[in-house]
Structures are given as C-alpha cells and as structure tokens.
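Following the hints, complete the assembly by docking chain B onto the known chain A.
Protein chains in written order, with the numbering used here: chain A, 1 to 196; chain B, 1001 to 1095.
Be aware that one or more of the hints could be misleading.
Unchecked claim - Listed below are the simulated DSSO-like cross-link pairs for lysine-lysine, each with C-alpha atoms no more than 30 Å apart in a straight line:
#1 A:K75 to A:K112
#2 B:K1009 to A:K75
#3 A:K56 to B:K1009
#4 A:K185 to B:K1046
#5 A:K61 to A:K75
#6 A:K56 to B:K1085
#7 A:K139 to B:K1046
#8 A:K112 to B:K1046
#9 A:K61 to A:K139
#10 A:K139 to A:K122
Because the hints were derived from the structure by calculation, they are not lab data.
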Amino acid sequence: MKSEAHKSGYPAPGPEQWVELYGDAMYRYALARLFDPEMAQDLVQEALVAALDAFKRFEGKSSIKTWLIAILKRKIVDHFRRTQGRQPVDNFDEVVARIDSMFDDTGHWTVKPNEWDVNPVKAYEQQEFVDILHQCIAKMPDRLAEIFMLREFEEISTSQICHQLQITESNCWVMLYRARMQLRKCLETNWLNEGQ
Amino acid sequence: MPRWMINCKEHSRLASLGLDQQLSFWDRLNARVHRLICPPCRHLKKQLDSIRNACRGGLAEYDEDRKAGRHTAVTLPEDACQRMKAVLRDHLHKQ
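Chain A extracted, bound-state conformation (with noise of 0.2 Å):
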C-alpha cells in the first residue's frame, strides 16, 4: 500500500512508510540537537511510536511530515526535562511575576532587548540556537510548554487550539504572549552569554 486516504480526505503516507520517508530527516534533527547518535535514535523510534499511538487522532491539519517532526520536538523537549532533572512544578505564578517585572510601571522596558546575530528567516540553521530553544521550552511551566509546542511546532490556529484544551481564544493568545516572552528572555540570557 502506497498511500491511504485519511480521515481529512487527503492521502497521507502510511505508518510502514515513515521510517524510509523521514526517518534520515528526524534523526538529522534529532543529531542536531543531541550530538548523541545513540540517543538521537532512540528518540526518533519514541517519536515514531507514539505517531502510530496517535495516527488515528492525525487530521491532517498540517502534513505528515511537520507532524512527525512536531512529535519528535516534543520528544526533545521532554528529553532536556529528563536531563535537567527538573520538578514538575508548575510555576506559572513565577512566569507571570517575570514578565511583569520586564517593564516598568509606565509599560517602558526595564531591561531593553538587545539585537540577536541571528537571521530570522534562517534562524532554523543556526543549530545551536534551536539547541538552547528547546532547553529553554523545557524550562517553561508545562501548560505554556503544552500551548506554545501545540501552537508553534504543530502549527495548529489558535482556534483549534482553545477548542482542543477548552479555553477561550483570548486566554490563548495571553498564554502564547506569556510562552514568546519568557522564551525570548531565556534566549537572551543563555544564547547570548554563551556566544560570548
């Protein structure tokens, strides 16, 4: 079987094709973020089997291809929590506090952005951006990690995203501001100090 009609209608390559459609791809990324082929590969077959556990959930709202992918993000992102030793505390309370502290009480910035030496449009190459990226997801307070990835590695519209966790958009779109801003913050702390 080559390809079979999913439930969105559109042909999706089936599970017995992923492995020789994408798998050099998920284990490139996965290499580029690990440095460990060991590892990289364990996480491409966890990634791998937890598409299949979900496959029947897949709409197809975005490709095969940025699905795997987006699964073996995610993957990523829960290695570092393994790694990092990190409590499941959810300290949403503290992310708030943070991002408030980031201005002044006039809404002026208390500590001003600085430029990053990153091209926007390219920033997916510069391998070790992306590396402390996922580090810095990993750090995040699980519902904001659980939004932003829904949002920015599945690329699912923020309407199906507060359909999916019952919210309403504009709590939505206050979580994702929260995720970006404290994101960005962490990337400037630890991409920019170690780049020097």
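Just chain B, lined up with the frame of chain A:
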C-alpha cells in the same frame, strides 16, 4: 510620547498577537509607528520572528539537500532503520 501612541508593553502584546491572527489596521499602524521610534521593540519583533522560524523550520535544509540530489547528508544507519521498521510493524500488529 504623544498620548495616542502605544507603549513598549502594549507593543509586545501586539507583536505576539500578530503571530496568531491578523491585526486590525490601527493595531498594525500603531505597532509600526512604535517600532520606528523604539529600537528595543524592533529587536523584540525580530526575536519573536526568530523564535517562530526556529520552531517551524527543521526539514527545509533536508528537503533542499534532497532536491539538489546531495547524498552527503547524515542518514539513519541501516541497522537502526531496520530496527525501527520492525518495531513499527510489531506495534501496528498489536493495535
């Protein structure tokens, strides 16, 4: 700063919102005018764009290699490939 102009905090909210939905004409104009006079907020906008592109990229480089017919790229070792196919087959049968 004129009273009608947005501040950095409001600009940061709009910069994020603009990644999730089409901003209104006035919001877009306000954000642009603010960035004209505020270098830190120009940096913020680029930072948010970089984060988006870093998250959503990943396979483009691989696709370019394939299109260009380059075979120098790292590939999944054959034994790992076979192992994964076997694991997926087993898993499929169990379903």
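Hints versus structure:
Among the hinted pairs, K75 of chain A with K112 of chain A is inconsistent with the structure: their alpha-carbon atoms are about 33 Å apart, more than 30 Å. At most 30 Å may separate the alpha-carbon atoms for a hinted pair to count; K1009 of chain B and K75 of chain A exceed this at roughly 33 Å. Taking the CA atoms of K56 of chain A and K1009 of chain B, the gap is near 42 Å; set against the 30 Å cutoff, the hint is violated. Straight-line distance between C-alpha atoms of K185 of chain A and K1046 of chain B comes to about 13 Å, which keeps the hinted pair within the 30 Å bound.
In summary, the hint linking K61 of chain A to K75 of chain A is supported, as the alpha carbons are separated by about 20 Å, within the 30 Å threshold. For the given pair, K56 of chain A sits about 19 Å from K1085 of chain B by alpha-carbon distance, which is consistent with the 30 Å threshold. Under the criterion of a C-alpha separation no larger than 30 Å, the hint pairing K139 of chain A with K1046 of chain B is consistent with the structure, at around 22 Å. Restraint check for K112 of chain A and K1046 of chain B: satisfied, since their Cα atoms lie roughly 14 Å apart, inside the 30 Å limit.
For the hint pairing K61 of chain A with K139 of chain A, the CA-to-CA distance comes to about 28 Å; that is within 30 Å, so the pair holds. The hinted pair formed by K139 of chain A and K122 of chain A meets the criterion: a straight-line CA distance of about 24 Å does not exceed 30 Å.
Checked against the numbered hints above, the structure violates hints 1, 2, 3; every other hint is satisfied.
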